[in-house]
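Participant: Note that the protein sequences, when read in sequence, are chains A and B.
Each residue of the first sequence is one higher than the one before, counting from 17 in the working numbering.
Each residue of the second sequence is one higher than the one before, counting from 3 in the working numbering.
Just so you know, the hints here were simulated from the structure itself, not pulled from any lab data.
Just so it is clear, CB atoms sit at the ideal spot from N, CA and C, and this is done for glycine as well.
Check each hint, because a few of them may be wrong.
Cβ-to-Cβ under 8 Å is the rule here; a few derived chain A residues that face chain B [as the list claims (entries may be wrong)]:
1) Leu32
2) Val36
3) Gly38
4) Glu67
5) Asp69
6) Trp70
7) Gly71
8) Glu72
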Amino acid sequence: MSGSVNCPECEATLNLKEVVQGEIVVCPDCGIDLEVIELSPLTVALAPMEEEDWGE
Amino acid sequence: MKIGVLLSRVRVEEKWLFEALDKRSVKHDRIDDREVKFDVAQPEPWLSYDVVLERSISFARGLYATQILNAWGIPTVNTSQVAAVCGDKLTTTLMLQKANVPQPRVKVAFTPESALDAIEELGYPVVLKPIVGSWGRLLSKINDREAAEAVLEHKETLGSYQHSIFYIQEYITKPGRDIRAFVIGDQTVCAIYRTSPHWITNTARGGQGLVCPVTPALNAICIAAARAVGGGVLAIDVLEDPQRGYLINEVNHTMEFHTTVPTTGVDIPGMIVDHTLAVARRKTDRPALTPMAHEVSGNGKVPQLVAT
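Extracted from the complex, chain A is given alone in its bound form (with noise of 0.2 Å):
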């Protein structure tokens, strides 16, 4: 899925090309993190904050 989104952080404008439901994009303004959360239509919102238990 492709198009424009706004970041509910700092309302900047992303275009996103071919992204996947669930993935983690990084808006080119603020550099918060997003989640893509839905696909149709096209919503990213604040992805989760890391926790103490998150790694490799």
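Given chain A, put chain B in place with the hints provided.
Facilitator: What follows is chain B alone, placed relative to chain A:
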């Protein structure tokens, strides 16, 4: 053949894994660990999976999900036993020690006072690490007694009881880099140097990747480390000690490879998928009562590597 991919986020690694699955025309489901529910008495909905590839970003979710799946006889990559070993730095250290795999010296204490004694026995500098954690979070290089006293006091007041299990590692004076090697099955498939002017060289903390040749010596210690923790798909962090040579620092069981693939050109996601398919085939080829110990868990035994 049907594969479940348990994940928290779709990072570039997961996109590459899905591409590799599609390329091989393997039927697969994405399983979001934020939505998943298990009824421990009802495994039926899960039995359609020949194997589940665990890619949770959360250690705890991945560990308990694979424990449930393995208890039901569903193979996972990696197994819950491997997750339990690799997700806990102290357990990893114990398994490496048991297998006589070279590693930095480690001391463990349970109070700030005994930890301070242990630090001074080891000698400054030392590295204090949380027993659970990744990406270089909360690592402390302690250069003197004043720093030790301050950090120990801070750790004691952190929320989790695990921060009062003081894991104290000898500081290795490494040559501005460490090595991240990738083991899949019984093969070290590639490695990178992670270089940084900072003593923490994780790429998550700004370390840069460069190709590292997999020499026979590097391969041997990485395979030994992988066997020690139970085998599977693993990323081994190796330190170069000026006197002792290679030392195993950590072993990661849900590795990232977004730096290594473009650096080395090695198709790590394809290899992970091929390994996962091989695990699934072994499950279907073998009688249920003779699973391979390092791929199908649930028997409560310390994992043993079976040659792949």
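Participant: Does each hint hold? Answer for all of them.
Facilitator: Tested hints:
no.	hint	in the structure
1	Leu32	violated, 13 Å
2	Val36	holds, 6 Å
3	Gly38	holds, 4 Å
4	Glu67	holds, 7 Å
5	Asp69	holds, 4 Å
6	Trp70	holds, 5 Å
7	Gly71	holds, 2 Å
8	Glu72	holds, 4 Å
When held up to the earlier numbered hints, the structure conflicts with hint 1 and nothing else.
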